[in-house]
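Here the protein sequences line up with chains Y and X, keeping their order. Here this note's numbering = 1-based position in the first sequence + 49. Here this note's numbering = 1-based position in the second sequence + 2.
Fair warning: there could be bad hints in the mix.
Claimed, not checked - Derived lysine to aspartate or glutamate pairs resembling DMTMM-like cross-links, with alpha carbons at most 25 Å apart: (1) Lys683(Y) / Asp665(Y); (2) Lys204(X) / Glu96(Y); (3) Lys515(Y) / Glu594(Y); (4) Lys562(Y) / Asp524(Y); (5) Lys581(Y) / Asp665(Y); (6) Lys578(Y) / Glu666(Y); (7) Lys683(Y) / Asp652(Y); (8) Lys256(X) / Glu96(Y); (9) Lys689(Y) / Glu656(Y); (10) Lys683(Y) / Glu375(Y); (11) Lys167(Y) / Glu301(Y); (12) Lys578(Y) / Glu309(Y); (13) Lys264(X) / Glu96(Y); (14) Lys166(X) / Glu239(X); (15) Lys166(X) / Glu96(Y); (16) Lys509(Y) / Glu560(Y); (17) Lys256(X) / Glu112(Y).
Since the hints were derived computationally from the structure, they do not count as laboratory data.
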Amino acid sequence: MTGGQLLAMWQLGSGWMLLWGLAAALPILIHLWSRRRFQQVPWAAMEFVLAAMRRNARRIQLEQWLLLLVRTLIIILFALALADPALSLISSWTGGTNSGQSHILLVLDASYSMDYRKGEKSLFDSAKEMAAQMISQGKQGDGYTLLLMGEPPRTIIGEPAFDPQDVQEELAALTLPHAGANLSASLAEVEAILRQAKDREPRLTQRQVIFFTDLGKTTWGDANTADCRERLGRIAELARLSLVDMGEPGEENLAITRLEAGEPISTLATETTFRAEIQSFSSQDQPRQSVEFFVDGVRVAEQTVDVAAGGRAGATFAYKFETAGEHVVEGRLAGDRLALDNHRWLSVPVRESIRVLCIHGKPGESRFVALALEPRKDNKPRIRVEQAPESTLLEADLKQYDCIFLCNVGRFSRDEAQVLRQYLHSGGGLVFFLGDQVQSESYNQELASDDAGKRVLPAKLGPTSKATESGYPFDPLNFRHPIVAPFEGFKNAGLLTTPIWKYIELKPFPEAKTALAFRGGDAAIVEEKLQKGRSIIFASAAAPESQWTEISSWPSFIPLVQEMQQYAISRRDEGRNLQVGDDLVGSFPAAPPQTPLTMLLPDGRNERLSLMAQGDESLWSYSGGVLSGGYEAKLGTPTKAAQKFALNVNTRESDLERLPEDLLPSQFNLDAQGDDGTPAILPGSSESFFRELLLSVLFLLACESVLAWRMGRGGA
Amino acid sequence: MESPSSLDPRTLAKLKGLHLRARHIVEGYVSGLHRSPYHGFSIEFAEHREYAPGDDLRYVDWKVFGRTDKFYLKQYEDETNLLCYLVLDVSESMTYRSSPAALSKLEYAQALAASVAWLVLEQQDAAGLVTFDNQIRTLLRPASNSSHLQQMIQVMENVSPGKKTAAGPIFHELAERLKKRGVVMILSDFFDNVNSLLAGLKHFHHRRHDVVLLHVLDPAELDFPFQRPTQFQGLEEFPDVMTDPQALRRAYMKELGIFQQKLQEGCRTMNMDYELMRTDRPLDAALRSFLAGRMARMK
Numbered sequence: 050m051t052g053g054q055l056l057a058m059w060q061l062g063s064g065w066m067l068l069w070g071l072a073a074a075l076p077i078l079i080h081l082w083s084r085r086r087f088q089q090v091p092w093a094a095m096e097f098v099l100a101a102m103r104r105n106a107r108r109i110q111l112e113q114w115l116l117l118l119v120r121t122l123i124i125i126l127f128a129l130a131l132a133d134p135a136l137s138l139i140s141s142w143t144g145g146t147n148s149g150q151s152h153i154l155l156v157l158d159a160s161y162s163m164d165y166r167k168g169e170k171s172l173f174d175s176a177k178e179m180a181a182q183m184i185s186q187g188k189q190g191d192g193y194t195l196l197l198m199g200e201p202p203r204t205i206i207g208e209p210a211f212d213p214q215d216v217q218e219e220l221a222a223l224t225l226p227h228a229g230a231n232l233s234a235s236l237a238e239v240e241a242i243l244r245q246a247k248d249r250e251p252r253l254t255q256r257q258v259i260f261f262t263d264l265g266k267t268t269w270g271d272a273n274t275a276d277c278r279e280r281l282g283r284i285a286e287l288a289r290l291s292l293v294d295m296g297e298p299g300e301e302n303l304a305i306t307r308l309e310a311g312e313p314i315s316t317l318a319t320e321t322t323f324r325a326e327i328q329s330f331s332s333q334d335q336p337r338q339s340v341e342f343f344v345d346g347v348r349v350a351e352q353t354v355d356v357a358a359g360g361r362a363g364a365t366f367a368y369k370f371e372t373a374g375e376h377v378v379e380g381r382l383a384g385d386r387l388a389l390d391n392h393r394w395l396s397v398p399v400r401e402s403i404r405v406l407c408i409h410g411k412p413g414e415s416r417f418v419a420l421a422l423e424p425r426k427d428n429k430p431r432i433r434v435e436q437a438p439e440s441t442l443l444e445a446d447l448k449q450y451d452c453i454f455l456c457n458v459g460r461f462s463r464d465e466a467q468v469l470r471q472y473l474h475s476g477g478g479l480v481f482f483l484g485d486q487v488q489s490e491s492y493n494q495e496l497a498s499d500d501a502g503k504r505v506l507p508a509k510l511g512p513t514s515k516a517t518e519s520g521y522p523f524d525p526l527n528f529r530h531p532i533v534a535p536f537e538g539f540k541n542a543g544l545l546t547t548p549i550w551k552y553i554e555l556k557p558f559p560e561a562k563t564a565l566a567f568r569g570g571d572a573a574i575v576e577e578k579l580q581k582g583r584s585i586i587f588a589s590a591a592a593p594e595s596q597w598t599e600i601s602s603w604p605s606f607i608p609l610v611q612e613m614q615q616y617a618i619s620r621r622d623e624g625r626n627l628q629v630g631d632d633l634v635g636s637f638p639a640a641p642p643q644t645p646l647t648m649l650l651p652d653g654r655n656e657r658l659s660l661m662a663q664g665d666e667s668l669w670s671y672s673g674g675v676l677s678g679g680y681e682a683k684l685g686t687p688t689k690a691a692q693k694f695a696l697n698v699n700t701r702e703s704d705l706e707r708l709p710e711d712l713l714p715s716q717f718n719l720d721a722q723g724d725d726g727t728p729a730i731l732p733g734s735s736e737s738f739f740r741e742l743l744l745s746v747l748f749l750l751a752c753e754s755v756l757a758w759r760m761g762r763g764g765a
Numbered sequence: 003m004e005s006p007s008s009l010d011p012r013t014l015a016k017l018k019g020l021h022l023r024a025r026h027i028v029e030g031y032v033s034g035l036h037r038s039p040y041h042g043f044s045i046e047f048a049e050h051r052e053y054a055p056g057d058d059l060r061y062v063d064w065k066v067f068g069r070t071d072k073f074y075l076k077q078y079e080d081e082t083n084l085l086c087y088l089v090l091d092v093s094e095s096m097t098y099r100s101s102p103a104a105l106s107k108l109e110y111a112q113a114l115a116a117s118v119a120w121l122v123l124e125q126q127d128a129a130g131l132v133t134f135d136n137q138i139r140t141l142l143r144p145a146s147n148s149s150h151l152q153q154m155i156q157v158m159e160n161v162s163p164g165k166k167t168a169a170g171p172i173f174h175e176l177a178e179r180l181k182k183r184g185v186v187m188i189l190s191d192f193f194d195n196v197n198s199l200l201a202g203l204k205h206f207h208h209r210r211h212d213v214v215l216l217h218v219l220d221p222a223e224l225d226f227p228f229q230r231p232t233q234f235q236g237l238e239e240f241p242d243v244m245t246d247p248q249a250l251r252r253a254y255m256k257e258l259g260i261f262q263q264k265l266q267e268g269c270r271t272m273n274m275d276y277e278l279m280r281t282d283r284p285l286d287a288a289l290r291s292f293l294a295g296r297m298a299r300m301k
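So that you can see chain X by itself, here it is in the shape it has in the complex (with noise of 0.2 Å):
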């Protein structure tokens, strides 16, 4: 269990604008590491130059080892040149926040995307913005000044939320348009059709795109902790429903189960990452979670 701190949803929604939600997270994080994990991660090979000691093992090259015996390291022409795409939902679904949560689907998925914008900005690499409803909101292009940075920020600020999700579409939209190959980094609840999903996100796949799948979810919509009879007034479109929720938790949860695995399957599938991001927990946490497992995954 995570340790309460500075961080904690509940502390950052008190702080006013993403851009210091942003900072406060990255400062969070930065202080609990040394290397960014997207440091090296280059496309287009240069030249080679002599091992010194404190060079990472991964970058010495093996062939020129064998016919030289010497130890020789790979250099990359664009070493900084990383493009991260942060794709965001900000469908009606995501405005949800059970009483408990400090913050919502959708402003959880905004810290988490600005953080990450911070970090990848950072290191002098690109980022770019994409929002989405049932459409593509708002696409702003990779960049690696720091004034793209504020942008981000302002547009996620902006962002009204829109109605209905239709993510599968709007993926085989983005993979058509995002044409240079990147980290896509997805931050939904996903609420959608799991195949349309899937075929979607099998489009970046195509594409060779780095796909990353942040699952918001609200604690409540992982525990249903309802106890008295409920009438749930449905998002996006969806119609009232009355029902005993104490009755209806465990088939809730199995349904909800269901899409979970399957969606994960995808991903696995697809060699994508999944994870699950409760709005309840610290988003440094989170982040570095996340990150952590990315990098030992990349090992």
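In isolation and in its complexed conformation, chain Y is listed as follows (with noise of 0.2 Å):
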């Protein structure tokens, strides 16, 4: 047996306790002193001492030794005991497959399914004490690592810690993030924790991972792809897995699955609708559900609703903004077990007003498209329209409007292509009117390049199209897409008899989409996510005087305008509302380096964040937000300025079924939980055996005694 395999047996709770087991040499030291203070007695019946003793010399000895022997082992025993020998020094020596230390893995599930209350704790919570108690019980040169299951995972202990009181801290202090469960990833970060141990902690022969978890469909819906069977496979090879199993069949839930405002952008000019969809995951139906909406932070409506079993209801308010800037809205379901679902959140800049800018090629090219936005003139409009000729493209701060229309500019320059890019990346929305002064060269140019990331336009421009007295009718593609769909019912409103005599052909690029045709097939509207906007091209013009179209005096213009500057400007503060894990990115107008930006978090915890410099923007980034709910990035002096944001939990994780255990990949054990719930000990690691040991030196006592009794009686 090498000196290792021989340390490796010594697996003690409390093995400075050993000490005690020099009080074992007492006895010795009693009985060799007691030896030297013997007393004196003069003695007549001589004889008979010394025929008891030539007769009983060789027994007297060795119960003396007996007894010495009793006594020490008495004292050996109990400091044993003390110092809470485990079971593995006893299958050391019996030759048993347990011996040696353990590297013990444990995975709880992050899932925010494990939110679900019962009672007072959290599925998480009793995860986290049964974790404690399966510490507690381990035996002493363990190591522990700890990996959070979550979306990503999350490796808190990567390289196994054997301090027991390092590990229970570690616990102790994790939160549940607000996310999902991503069973491959959190399986190969499994994988790479076990080969890294096995690697750089040889010592360590027994290896165990065990999963606690709720068994959320959600998550391990995926146990059985095939990637994560390979990777179950190479881990069982590597360790045990055990499971243990915190959720119950029959748990039930409501969660609000969306929140949304009617507008892409709020305004002070009209009310603002928002509307919460409940989602019902259980089996009863749930009457009288309280919906209530709180802006920012103030309830301003209620609803109840009735949610059918398994269905989903809706529950709208309108609500008319009194002062612009960043307002939160929220929606909140009265509680159930799961509350983490209960709330959603909308981030909703309001404006004024909405900015749009026309370009013209030639005057008056605009005017109708601008009047088509802002048909009556107002004090405070909905949308403020400004129109002005294409040298304003570089002459103008073009980040100030919402939407920039340009309607039969002749020609761009590089300089012109760039800030139109710029202001893509900025999330602005750009509608393209073509027109007889259009050369498709310069668009197809400086425009529409192949590379989706610098290029402005949807489409590539072909040649105009023949003009024709019949004109070419519009294909409205089914109504599908969400420009036309409004039109859809609506005859009258004219889309298909909209006169187009003349048009550019255009060449959508593989990402566009084809909002509106010509019957002929060659496309009308092409729509493109561009950057972080949104690009949209009109094969024809807007304005009469080209002889192109008469679209402008016909009935579908006007909605057609308003539907194009919708959905231009959708994307424009699409970054603002984002689920819980996505990294939260902003900018302000250029600051001092020096500025201070704070982020300001749902639990009223804040971070202090660092302005990276771009051109005229200071750029940040956040990625730490575990939480749902609504964050506010705090530019301080002497910019001030705040943008808000919310953060919400993706509602898959909200459906609570349960995956059935048969369908479980048989490389797991179900055996980690005893009867009562309490996690039973594990075969690798240690059970105490401090009581048979105490059990022993009660039983000695009693040996002491009748030894010592019968000694004092002079022996049999």
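Both chains are sitting in their own frames, so use the hints and assemble them into the complex.
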């Protein structure tokens, strides 16, 4: 037996208690001391003493040694019991397979369904407690690693930690992210941790992975995919896989799965309609569910909805903002056992009005578009339109506009193209109307790059069609696209009879979508998400002067222009409402580098962020958002600005359906949990046998009494 | 259990002088008795006399009654001439006294011997004294005059304990020297070879002496009460021995028991009286118990 194996046998809960074993020397010392401290007695009946000694000397000596041995053993065993030795000590001696220390990888399911509460405690809290209990029952020398099975998985302790106290502190500090869990990625992380520990800590000869999970189908539904099965097979070769099932069948849940505004951009001019969608993940109807709406934390509306079993219901309310700026709207459902998905937030940047710039290639070319966007003059119009010549592109700050219409602009210089690219990058919307001045080669060269990151147009321009008096009627393509969808069922809106006599053939890029086509098959309206904005192109002109179309006087013109504008700006604030786990990215007007930027988190904490100057902007990003709720990036003095964001849960996880145990891959053992719900002692870990030692001590004490009594009587 | 009395060895130990001790014992004994146990004990027959109420029926001559149909009592010529030899062991082992005991074995035996001598002389009988260890140290021939008691006590008080006991050969020698039959009362711990002892006693038996063994033992010798490791310092030239008395106790008691049993069996075989005398027992009670037992056996 090597020295290492010999050391490995000593797995003691409180090794220093072995020092009490030194007391085993006491009986020997007392024995020696008492032999030195004898009494002297003159004695007459010496013949009998001598005769007794002759006949019993060997027995007496044997009994004395036996008594000394028993007394010494009592103290040694008692000290050993205090040291709390582990079972592997025995199995080492008996050649069992559980010898050596273990590497125990604790994997906690961090999907937010683990926030489901049974009484006061969530499943996640219970899992933490169970894991802590397992650690406290572990044997000395065991190494622990800790992984949060989230989206993405997060390694808390990557290399085996040998101090149970440290591991328990890490466990206690864990909070549940408001996200789902990625089984495949988690298994990859498990395999990586196991392999690394195997290489670096070869003395940890036993390995075990323990999953604490509610077995939610959303997470574990992937368990039987080829990727997971292969990975589980490899993990099973490295370690024993155990699973503690924290969940229970029949768990039910309601969740707000959507919260959205009716308008892409809210203004002070009109009310904004908000709609919350409530989905039932229950097998029973849920009547009269209260849905409350809050604006900036102030309750503004409440509705009661009936939600059918497994169905959906909607609740809407309209709200007119009093001030422009950053607002957060919250929908809140009355509490159930899974509270995390009962809330949903929406960041709403409110403007005084939507600002649109209409660039015309020649004077008057954009007047009908402007009129269509702002049919009546008002002090507080919903859409404020400005018309300007094409030279404005290089002169004005385009970022102040939410949308830019370009009407029959002849050609674009390289600088103008660059300005438009930057505009798209800032999330703006572009709408191109063509016409007789348009030079297709210039458009294609400067704006229609094959590289999606550089282009401004969603299609290349082809040849101009022949003018025809019969016109080119539209094909609405079954009204599938949002731009034309409102026309469906409204024949009198005149979309299909819009008179188009001439157009430029469009050759959409593969990623672009055709919203409207000509019956001949050519595209009439093409749109594409480009960078952070959107670009739309109409194949014909907006104004009647070029004799290409009479659309400006047709009933379909105003709704079509409005819809194109709405659709073009729909990505304007797209980055404000994201899911937990997404990166928050924003920009402020260029600020001094030392300007403080703070991210205010939903739980009240805040974190400092750094700014990165880029051109005339200061960019920032934040990737630590693991909680759902409202976030606010605040730029300090001298700039002073704020942007609000909302991170919401991915409601896939709200479905609490569980993976049936018979579908669980065979590599998993479900024996890690005892009948009473507490973790059972794991095969690879230790079982304290101090009770057996104490029983042995009691037995030896009884033996000692009998021996001492026999010897007191002078033997048999 | 005997009740504490003024005759408790602890009380007697406070009395200086053997005479005083003996008188104290005898007075205590007599106050509890009305008749001497040696009354009418004699050897030579003289004549008959007619029975009168109150006479002891043991002395009725039944042969005469058979012939004459009248009650006649046997009359003895030397009715009061009882000879009592008190044989006292004065070897070193008799000097042992354990710490709880008030008297050593020798002191206890001396007190007993003096008391018996007092009683014997009191009823006009004769008492003699022999002291011995590995040889006979003193031999006072039996006499019945009152000054003889004082002489016996003086001898006992002046005795100096010897070394080794050799009781067996001494008994042989004594049996030869004590020509006249009588009561031989031996006071000793008898720590000697038991076979040699019994051989010596047999000699007394052959000489038709009435032998009484008063086996004087200290309570520690009987109970072996030692707890701590002990070095036993041998008396009578035995070597010192270091041992754990707790571990040895049972074996010691067994050895002592065998010795006592052999001694008692020998006495029984030879029709001798044996009485164990614990030195923590009140002397009058010990004396009374012994004499009462002896009277019962003689009836």
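How the hints compare with the structure:
no. : hint                  : in the structure
1   : Lys683(Y) / Asp665(Y) : holds (18 Å)
2   : Lys204(X) / Glu96(Y)  : holds (23 Å)
3   : Lys515(Y) / Glu594(Y) : holds (17 Å)
4   : Lys562(Y) / Asp524(Y) : holds (14 Å)
5   : Lys581(Y) / Asp665(Y) : holds (18 Å)
6   : Lys578(Y) / Glu666(Y) : holds (22 Å)
7   : Lys683(Y) / Asp652(Y) : holds (16 Å)
8   : Lys256(X) / Glu96(Y)  : holds (12 Å)
9   : Lys689(Y) / Glu656(Y) : holds (17 Å)
10  : Lys683(Y) / Glu375(Y) : holds (11 Å)
11  : Lys167(Y) / Glu301(Y) : holds (12 Å)
12  : Lys578(Y) / Glu309(Y) : holds (20 Å)
13  : Lys264(X) / Glu96(Y)  : holds (15 Å)
14  : Lys166(X) / Glu239(X) : holds (7 Å)
15  : Lys166(X) / Glu96(Y)  : holds (12 Å)
16  : Lys509(Y) / Glu560(Y) : holds (13 Å)
17  : Lys256(X) / Glu112(Y) : holds (19 Å)
Checked against the numbered hints given earlier, this structure breaks none of them.
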